Amino acid sequence: MTLQEKKEQIIEEFSMFDEWLDKYEYLIELGKALAPYPEEKKTDDRLIKGCQSRVWLDAQMSGGSLVFSADSDAVITRGIISLLVGVYSGRTPQEILSDDFSFLEAIGLKENLSPTRANGLLSMIETIRKKASENV
Amino acid sequence: MNIQQLREQFPQLSRTVYGKPLVYLDNAATSLRPQPVIDKWTEISSERTANLHRAVHHIAAEATEEYENTRLKVAGFINASDPSEIVFTSGATHSLNLLAFSLGEAFVRQGDEIIVSEAEHHSNLVPWQMLCARKGAVLKRLTVDDSGRLQAELLPSLITPRTRIVAVAHISNVLGLVNPIEEIAAVCRKNGVLLVVDGAQGIVHQQVDVQALGCDFYAFSGHKMYASPGTGVLWGRKELLEQVPPMFGGGEMIETVSWESSTYAPLPRKFEAGTQNISGTPTLSPAIDLMRRMPPQEDVKEYVYSTLTEEPGVRLFGTTSDLSLKAPVFSFAVEGAHHEDLALILDKMGVAVRSGQMCAEPLMDRLGVTGLLRASFAPYNTLSEAEFFVNSLRKAISMLK
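So the protein lines, in turn, are chains H and Y. The first sequence runs contiguously to residue 136 in this note's numbering. The second sequence runs contiguously to residue 537 in this note's numbering.
Hints in this document: simulated from the structure, not taken from any laboratory. Treat the numbers as computed from the prediction; the structure is a model and nothing was measured. C-beta atoms are modelled at their ideal positions from N, C-alpha and C, and glycine is treated no differently. It is possible that some hints are incorrect.
A few chain H residues facing chain Y, derived, Cβ under 7 Å [claimed, not checked]:
#, residue
1, ILE11
2, GLU13
3, TRP20
4, GLN52
5, SER53
6, ALA74
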């Protein structure tokens with residue numbers, strides 16, 4: 001699935017929910033299903049600043065693509081991470097850098113988060129972009 | 137006045153969030169504003185805007201009278217022995233920074249000691265850390281036990297001949313426990329140590345009599361006691377306030393100024409440099425009037441306390457066998473559910489609570505948590521709101537399990 005197709009899939013999934021509580025339930029499910037993240041990678045240099053919960057993000061280059069794995073101690077944040085990792089992991093740095101991350105607005109995620117968590121989300125996006133630009 | 141009449145005084149209580157009635161349980165951070173406070177601010181802004189004390193014109197005289205009457209009212213409210221002991225500030229944070237600077241300049245030398253409780257809000261910790269760094273003084277910790285209770289009984293063993301200041305909250309903003317200020321004050325007095333009390337929560341939940349408490353300084357904010365944000369008070373014993381230098385220099389705080397030096401105005405203006413919060417500070421007056429008329433809170437405290445202590449998976453901090461020593465401030469952790477997730481879900485149900493470290497990181501470290509959820513109630517919160525909070529919390533927990 002291309003990056004664009006993946007984003008459209010997520011937007012469609014979220015459009016099924018009318019209530020934000022239902023969207024949260026979905027994010028919680030995604031968070032619980034997120035692939036395990038190794039304990040030894042929960043290091044300070046992988047910790048993303050600006051989140052109320054703790055978020056770790058690991059990025060590795062593999063065959064020209066960036067592979068992300070991530071974790072958080074809060075499950076809704078894990079759900080958001082799951083969306084980001086699902087969309088951007090396995091893409092080339094150029095693909096990531098040319099994307100505008102607007103699908104997060106399309107599903108209403110940005111404006112529906114508290115300011116502290118919105119900052120956390122922005123920090124995650126910035127970190128993903130930074131990893132991409134470091135590996136161009 | 138009954139609770140319904142009280143609620144009608146607070147316009148924000150009738151608003152909705154996400155189409156649901158707002159249940160505002162973040163009062164320990166900021167209380168809501170009652171109509172008389174809003175009216176006072178508007179009235180001064182539209183009719184009595186003028187700088188204080190100096191000008192001869194009529195409006196300045198009116199504004200000054202209003203401001204000084206507020207000082208009289210605050211002095212009476214906390215039973216200060218003299219209105220000149222009331223210094224208006226921008227809030228408890230300003231009051232405590234002023235103290236840490238001014239007491240530090242007057243009384244603290246290299247190697248002296250400051251004792252601070254480990255349950256303090258950062259505003260009653262960081263200014264003392266800054267003082268210690270500036271003067272080469274030593275910061276010592278008055279500990280809490282596993283439930284969060286302040287171990288005041290350890291204070292005598294911490295005090296040495298080098299101890300100058302003890303700083304402690306009247307009521308912890310996280311735990312809601314009332315600290316034994318009278319006992320602590322007796323120990324301080326016996327040892328010739330100054331006692332600074334952060335009364336940001338205490339002024340809201342206790343009938344404060346600064347003379348009976350026996351402390352030397354008491355600091356609080358207007359925004360937690362229904363007055364305008366950006367207002368606050370520092371009360372201090374007159375003989376001490378007279379001995380210490382001001383933190384800010386500027387207009388209003390001087391007696392004479394020559395090129396070489398200045399002499400300072402008498403109390404309290406020595407500490408009130410620059411244009412004051414002329415619209416905000418007088419709102420303390422209608423806030424105090426309302427506090428004096430507030431009906432006793434519904435049985436919210438007993439209900440929430442007993443529910444949270446018995447709720448499976450919920451770990452409430454700041455427990456006590458005597459609920460008269462507990463303010464309706466409840467901080468807790470939920471097994472298997474992150475405080476931020478819970479707060480986010482509660483928010484979508486219309487319930488405003490606080491999550492995180494509540495500006496008390498050392499206390500979080502001591503309690504062994506990365507953060508907590510806090511629900512803090514005001515007299516306008518009803519028992520049915522408390523029940524709605526508990527039911528919403530249960531639903532949020534089950535969503536996350």
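Comparing the hints with the structure gives:
{"no.": "1", "hint": "ILE11", "result": "violated, 20 Å"}
{"no.": "2", "hint": "GLU13", "result": "violated, 18 Å"}
{"no.": "3", "hint": "TRP20", "result": "holds, 5 Å"}
{"no.": "4", "hint": "GLN52", "result": "holds, 5 Å"}
{"no.": "5", "hint": "SER53", "result": "holds, 5 Å"}
{"no.": "6", "hint": "ALA74", "result": "holds, 4 Å"}
Hint check: violations occur at hints 1 and 2; the rest are consistent with the structure.
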